[in-house]
Amino acid sequence: MSVQIFTPREFHRQAHDALGDPQIRANFRKAMDGLMTKRREVFGDWDLETLRELGANIRLRALSKLPDLLEQLEASCQANGIKVHWAEDGEEACRIIREICESHDAGSVIKGKSMVSEEMHLNAHLEEAGIEALESDLGEYLVQLNEQTPSHIIMPAIHLNTDEISEILHVKTGTERTRDVDYMTAAARSQLRQRFMNADVGVSGVNFAVAETGTLCLVENEGNGRMTTSVPPVHIAVTGIEKVVEHLRDVPPLYALLTRSATGQHVTTYFNMISSPRKQGEHDGPREVHLVLVDNGRSSIYQDDELLDTLRCIRCGACMNHCPVYTRVGGHTYGTTYPGPIGSILSPHLMGLEDTKDLPTASSLCGACGEVCPVKIPIPDLLVRLRRESVGEGRGNVPGAGVKRTRKEAAAWKGFQWLATHPGAWRAGISMAGKLKALMPAKLGPWTDYRSAPKPAGTTLHALVKRHQASKAHEEER
Amino acid sequence: MTPVKLYPPKPEKAYFFGTCLVDLFYPEAGLDGIRLLEREGIEVLFPQDQTCCGQPAYTSGYQNEARAVAAAQLDLFPEPWPIVVPSGSCGGMMRTHYPQLFAGTDLEKQANEVAGRVYELTEFLVHVCHLRLEDCGTSEKVAMHTSCSARREMGLAETGPALLAQLGEVELVEQARAAECCGFGGTFAVRHPEVSAAMVEDKTQAIEETGAKRFVTSDCGCLMNIGGRFEQQKKAVTGEHIASYLWRRTS
Amino acid sequence: MSARDTILKRLRERTDGPLSAPESDFAVVTNRGWSAEERLSRFERLITSVHGEVIHAPREAWTDTLAKALADKGVRRLALGKEHPVAAEAREALADVGIELVDVDRDIEHWQREQFENVDAGLTSTQGGVAETGSLWLWPTPDEPRLISLVPPIHIAVLDADALEDTFFDVVESHGWADGMPTNALLISGPSKTADIEQTLAYGVHGPRELLVLVRHAGDAPGDKT
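Protein chains in written order, with UniProt numbering: chain A, 1 to 478; chain B, 1 to 251; chain C, 1 to 226.
Please keep in mind that the hints were generated in silico from the structure rather than gathered at the bench. It is possible that some hints are incorrect.
As the list claims (entries may be wrong) - PhoX-like mimics (lysine-lysine), calculated; alpha carbons at most 25 Å apart, straight line: (1) A:K472 to A:K455; (2) A:K472 to B:K13; (3) B:K5 to A:K376; (4) A:K65 to C:K9; (5) A:K466 to B:K13; (6) B:K109 to B:K213; (7) A:K65 to A:K38.
Claimed, not checked - Sample of chain B residues lacking proximity to chain A, with all beta carbon distances greater than 12 Å (derived): (8) L6; (9) T51; (10) E65; (11) A71; (12) R152; (13) A165; (14) R177; (15) M199; (16) R214.
Glycine is no exception: its CB is placed at the ideal position from the N, C-alpha and C atoms.
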């Protein structure tokens with residue numbers, strides 16, 4: 001399998017390729033159908049609206065006090081013996097992690113699933129410094145073996161089916177070709193257990209960082225997260241600055257929303273809460289724990305009351321599971337760390353609209369994402385906001401604002417405005433369009449590649465109503 | 001997400017906002033909507049200066065142009081009568097986005113007031129008119145596609161099916177993934193034609209698999225999209241706006 | 001200026017001004033009002049639905065049940081603590097049944113490979129359980145370190161039926177977690193699992209393949225449930 005590089009600049013071409021690949025189409029359709037059903041079932045006996053309201057409140061409350069909570073988190077962590085680092089961007093975060101590794105002469109790093117580490121391309125950075133970085137989440141491991149990136153934020157290898165995975169494991173690790181999932185899982189277990197034992201540093205993400213207690217919470221099913229944070233002598237947790245919550249009691253509702261929204265589970269196998277390195281007298285766990293707080297564009301998003309909602313996200317992936325566009329084109333097509341609807345409202349801030357200008361429009365605004373978002377992020381409204389920014393009619397505070405504005409398109413919308421604000425001209429115009437329908441081209445660009453052209457009716461509602469009212473008046477007179 | 005709407009008693013009069021797609025492509029559907037209202041004893045006011053709700057510009061990011069177009073509609077409804085719109089998409093624009101569009105402007109109050117009077121047609125027929133229907137048609141199977149705006153933005157997944165359920169000879173069949181978007185999405189169909197095509201392809205297949213030869217929808221965008229796909233594929237399934245279907249079968 | 005100060009300054013000097021904090025109403029995650037029976041049956045239903053096994057035993061004879069379960073599973077080397085009453089009673093009862101008891105009060109650096117490759121099961125106490133989600137909660141200690149519930153292929157967890165509470169939120173609140181968190185606090189809900197290969201569930205990907213919950217009942221055990 002050849003390595004393919006995906007970029008958001010090539011969204012259209014990548015979408016074309018994905019749509020033409022029946023295997024991709026089938027893998028995503030099956031997976032998303034399953035995930036949607038499971039989510040619906042698991043929330044069956046919940047007052048979901050009230051729970052979502054609470055989830056949104058908790059996240060909003062945390063964001064409203066963000067600088068204070070980050071300082072409190074730092075103080076609590078330090079009091080517990082966790083070392084706290086701050087990084088303005090991904091590069092700085094990579095450097096901090098590399099330096100911690102180097103100070104321990106670390107040759108190998110084992111990783112638990114962390115999207116922020118993908119966002120900052122940590123693995124490549126460490127490899128360049130001669131430090132091996134190995135993913136331990138099974139999906140991430142498979143994707144890494146296949147020299148790919150995750151296609152989903154929760155299920156990284158969801159684009160691969162059993163046969164493809166069997167082939168990857170066979171080629172890269174010498175296992176038998178098989179459809180036996182237990183066999184493949186056991187093979188990965190034994191391969192990775194050796195690596196856990198030998199790893200010098202474990203790097204994990206964070207699902208929730210609790211300011212009041214200095215606690216880092218990790219959500220997972222496999223146990224690789226616990227391994228990563230318990231077995232190597234050094235643990236480095238890396239997280240975006242928005243992941244902080246105020247109180248420990250804020251965690252149970254968010255956890256309930258996260259697992260149910262993500263995979264339709266009542267609960268994950270493990271909920272791992274880390275508050276300090278190994279203490280005197282304890283026999284296992286890392287002797288050092290570091291927390292790296294990464295900004296990387298988040299503080300810019302934070303400036304704007306509307307864009308702020310983007311930062312509520314708890315990374316459940318429900319928006320992509322329910323997105324009809326994501327379901328058809330898959331995660332790689334977006335060419336970003338975060339695909340799907342959340343990616344389309346987050347990536348422009350991380351990468352600039354120059355590179356991501358096709359993402360905010362890659363939505364029919366059907367609203368499915370906003371409907372399922374556990375913290376009620378108004379994703380469709382934010383997509384529209386970014387469309388405004390990309391054509392230069394927003395506040396201009398998103399990198400690359402205005403990049404999509406062309407004189408031709410702007411003039412067309414001005415024309416539309418003129419017509420729709422001049423009722424006489426409007427009536428004449430659509431009446432004319434109807435009368436000239438014979439002249440309507442049978443081909444209307446891309447629309448008619450897949451559909452018949454809509455036919456003007458030959459009359460207009462304005463005209464029909466006039467006639468209708470006249471005949472009614474006539475009847476009444478009689 | 002869906003605002004709780006308190007429904008008024010049936011009014012003497014109501015405004016009708018036809019929408020631009022109806023005006024240009026499906027005027028009969030608009031007229032049929034008006035007839036359904038008139039049959040309920042409501043005098044329908046159709047401001048001749050209405051054009052478009054502004055949504056195409058709005059969803060394309062052309063906020064200033066959208067606001068100008070929307071502003072031109074605000075003065076068309078001076079009396080306190082309800083404003084009925086035969087489209088969840090335009091209805092959603094007026095009810096949900098007008099207040100956002102004019103927030104902080106001189107027209108904010110007026111926009112909020114107008115938005116509060118906007119009803120989608122099937123919503124108005126069910127919840128305000130408490131419409132009772134007598135089916136005069138022959139027996140047939142029908143599939144309904146509720147637009148995403150009606151379903152999610154306006155919270156009206158049930159009103160269309162509730163009306164169809166009153167038609168004694170009509171068997172309403174539900175296609176697989178009924179709640180999934182048909183792929184229209186306004187300019188989405190033009191900006192991302194291949195993705196949109198994949199979506200409408202799946203939608204038409206799902207409808208075809210129900211065995212229904214007819215589908216109805218309350219949004220002309222979806223009608224144009226799904227119907228256009230069926231027509232291009234030369235399938236024997238035809239689409240109709242729900243207003244026309246209801247009027248045709250009950251008059 | 002340090003990255004820390006730059007970030008905090010940017011957040012504090014927010015363009016759109018200070019934000020106000022909404023109140024949170026936690027009623028939706030508490031006050032379930034379940035009876036002890038409802039709690040137990042819900043716990044059992046949920047944890048078994050994710051492949052956990054549950055066996056019941058009377059409090060005074062629970063080690064008999066444990067010995068039988070260990071024999072059934074062919075456990076030859078069992079890792080367990082010494083001081084916690086669960087560990088102490090288990091050690092006493094298992095002294096002569098031919099199972100090797102592996103001490104865990106050793107720094108992991110001295111026996112990592114042994115733990116990874118030569119222990120059949122780990123036995124731990126639990127602090128309690130969550131009925132709503134079928135979860136156990138553990139605060140590992142020097143006596144029962146955190147890897148015992150993770151590394152061996154089988155984890156046997158002892159839970160007292162009366163230590164079940166309704167929700168995770170209730171546990172956090174009623175036990176005052178916010179007043180002081182341990183090095184590591186855990187919720188465990190079933191054996192390790194993955195669905196990363198085409199959504200097909202497989203168990204024991206990194207952690208235990210089996211989770212056996214031994215529920216101890218004061219007074220008469222509901223024997224019909226075993």
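Hints versus structure:
1. A:K472 to A:K455: violated (28 Å)
2. A:K472 to B:K13: Roughly 16 Å separates the two Cα atoms, so the pair holds.
3. B:K5 to A:K376: Since the Cα atoms of B:K5 and A:K376 sit roughly 20 Å apart, the hinted pair holds (cutoff 25 Å).
4. A:K65 to C:K9: At roughly 13 Å apart (the allowed maximum being 25 Å), C:K9 and A:K65 satisfy the hint.
5. A:K466 to B:K13: holds (17 Å)
6. B:K109 to B:K213: Not satisfied, since the Cα-Cα distance of roughly 46 Å exceeds 25 Å.
7. A:K65 to A:K38: With Cα atoms ~35 Å apart, A:K65 and A:K38 exceed 25 Å; violated.
8. L6: Given a closest Cβ separation of 18 Å, the condition holds.
9. T51: Nearest chain A Cβ is 4 Å from B:T51, so the label is violated.
10. E65: violated (4 Å)
11. A71: At roughly 8 Å from the nearest Cβ of chain A, B:A71 sits no farther out than 12 Å, so the non-interface label is violated.
12. R152: violated (4 Å)
13. A165: Per Cβ check, B:A165 is outside 12 Å of chain A; nearest 23 Å; holds.
14. R177: violated (8 Å)
15. M199: Non-interface label on B:M199 violated, nearest chain A Cβ at 5 Å vs cutoff 12 Å.
16. R214: holds (17 Å)
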